[in-house]
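S.K.: The primary structure of each chain is shown beneath.
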Amino acid sequence: MALPASIRSSVTPPELELIASEQLVDIIPLIAMDKTAFISGAYGPLRPPAKSRVPLWMATNLKLKKKCHIVPPDWLCVEFLQDRLMRETSQAEFCELPFRFAEVAKVLLDVASDDMQNPDKIRSLLKDLREARQAKSREGLQKLDHSELSLPNFCSLEINEIRPFFVRAMGVLTQVSRTTQE
Amino acid sequence: MNERHSPDILGCQEDVLGRLLDHIRRQSETVQLLRGDPDSSEEEHFRIMLAQTEIERVKFVVRSYVRTRLFKIEKYARYIVATPEIQDRLSQAELTHAQKFAHLVESHFNKSVLQGLPPEQRSLHDQTAFMPKMITEPDKTRAVFAHAREHCPPVRLPDGTALEMEKGRISLVPYHVIEHLLARGSVELV
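Chains A and B, in that order, give the protein sequences.
In terms of the UniProt record's numbering, the numbers along the first sequence are unbroken and rise by one, the last being 182.
In terms of the UniProt record's numbering, the numbers along the second sequence are unbroken and rise by one, the last being 190.
Only chain B is shown next, with the shape it has when bound in the complex:
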């Protein structure tokens, strides 16, 4: 859920995702196995059905997570390629996708429009200050709803005051203020 609410791409939860997928696979296999068993009782059928319901639920959450990441990666593809520190947060497959996507977009722009422009305006890079910028960047000043999972040390707010969040407190704050707390897991976005 954090992923959905945060404007920036968060670290990839690859091992959690892997474990979940493992669980799904194992559970589905059991279900298939039990299904094939002709002399299973009615109670068995019942359990199979419950297990299947849960598999579908978990699948939905996983799908939603992956789709959100994919959306962000495509939106910020050129930014990701240009900034090395954000690349650590992506898995290998995601990174390759981002690079390919960025490359595709660039060549598409080149072929469709940029060819026809005078050479000095052809570049897609930000040497001169364009408004708006050529590369879409995540908007870190966007406000998010943060819920403190534990007592957090004070953070500096944009107006200079310090904010100390006790456990359970919910605040609407700009994303960059609590970015490091989120990475540590002390707050969650709601």
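For reference, chain A alone in the conformation it holds in the complex:
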């Protein structure tokens, strides 16, 4: 078959990671490179030690060859995440986070944890944040009906996580409401 059964209903996290890797991050290059044209646009020139902005996939690639340092984005630091976690646990709604924060954070923590201060702390904060939000999304299931559910500040990985279940549930509700109408 053209599409394996396992990926028919939803995309997989590695695929989301691939999409998220198109986002731009700041790096401090350790090698020089002229401006180079790529399919998604032209990046460079790289002139150490000046900062430059490249897509995440390129940054990972350079990092793995020890040719740059990645500057983590503003939101990926202990203070910011701690603040968000506080808000997340004290308020009922989801707090604002970058749409693909989970994927970007994972990639950065995997390859560039030595460029961050306190990566372990960040890891555990991200995990707490995820758990808090997961609990909320489960509660949100009560509000599900057959017409609409709005999900402000949801991020892509979370949507992916709840997709199969919520879509099925909504399908069942649609059927139920159709039968009661008839």
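Certain hints may be false.
Mimicking DSBU-like on lysine-lysine, the simulated pairs with C-alpha atoms at most 30 Å apart in a straight line are [said to hold, decoys possible]:
| hint | chain 1 | residue 1 | chain 2 | residue 2 |
| --- | --- | --- | --- | --- |
| 1 | A | K35 | B | K59 |
| 2 | A | K65 | A | K35 |
| 3 | A | K106 | B | K59 |
| 4 | A | K65 | B | K59 |
| 5 | A | K63 | A | K127 |
| 6 | A | K121 | A | K136 |
| 7 | B | K75 | B | K100 |
| 8 | B | K75 | A | K63 |
| 9 | B | K59 | A | K66 |
| 10 | A | K106 | A | K66 |
| 11 | A | K67 | B | K59 |
| 12 | A | K136 | B | K75 |
What the hints contain is simulated information worked out from the structure, not anything from laboratory work.
Small disclaimer: the values here were computed from a predicted structure and weren't measured.
Given the coordinates of chain A, assemble chain B onto it according to the supplied hints.
M.R.: Chain B in isolation, oriented as in the chain A frame:
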């Protein structure tokens, strides 16, 4: 990505696809050319490698897009052949494939099972109401996650209320509600 999340077949992005393939071809040619150059510096090698990485990434996305469409076309082949308005959304190659595939499936059913049935039950068409239907149709009531890229005019929900989506809002709604918004590009599926 829209293609992957939508239950129905969307319009074919033929020119985008063509442009991408062009880019890939040109970039690969440059890479090949530079590769053959024996006195390229180390820095050159480095750029070649980066360019190649990107080519692979783009190729993966393109492949994933084409495979998804192929899967849908094969699943709904008989529906596509029966409904003219959906045929506009397919490229010429896709349409030919759908027709051939539908024909193959039909003749296979005929040879393997239908021959042995009484004549009045032989047809594969829906004159009498069969449950489930003979032709697989896309399920447009399936829920999708829609992300508003701009402010959208209100749409009618199945329970009668109107929904106005401001920019950036993410909602779980049945597909048929936002179908026209998706075609216009005001929302994207996530």
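S.K.: Take the hints in turn and mark each one as holding or not.
M.R.: Taking the hints in turn, this is what the structure says about them:
Between the alpha carbons of K35/A and K59/B the distance comes to roughly 23 Å, so the proposed pair stays at or under 30 Å and holds. Restraint check for K65/A and K35/A: satisfied, since their Cα atoms lie roughly 20 Å apart, inside the 30 Å limit. About 23 Å separates the Cα atoms of K106/A and K59/B, which keeps this hinted pair within 30 Å; it holds. For a cut-off of 30 Å, the pair hint linking K65/A to K59/B stands: about 23 Å separates their Cα positions.
Our distance criterion of 30 Å between C-alpha atoms is met by K63/A and K127/A, whose separation comes to about 24 Å. Of the pairs offered as hints, the one joining K121/A and K136/A holds, with about 23 Å between alpha carbons and a cut-off of 30 Å not exceeded. Between K75/B and K100/B the alpha-carbon distance is near 13 Å, which keeps this suggested pair within the 30 Å criterion. In summary, the hint linking K75/B to K63/A is not supported, as the alpha carbons are separated by about 43 Å, beyond the 30 Å threshold.
Restraint check for K59/B and K66/A: satisfied, since their Cα atoms lie roughly 26 Å apart, inside the 30 Å limit. Taking the CA atoms of K106/A and K66/A, the gap is about 19 Å. The hint holds against a cut of 30 Å. Among the hinted pairs, K67/A with K59/B is consistent with the structure: their alpha-carbon atoms are about 26 Å apart, no more than 30 Å. Straight-line distance between C-alpha atoms of K136/A and K75/B comes to about 37 Å, which puts the hinted pair past the 30 Å bound.
In summary, the numbered hints that this structure violates are 8 and 12.
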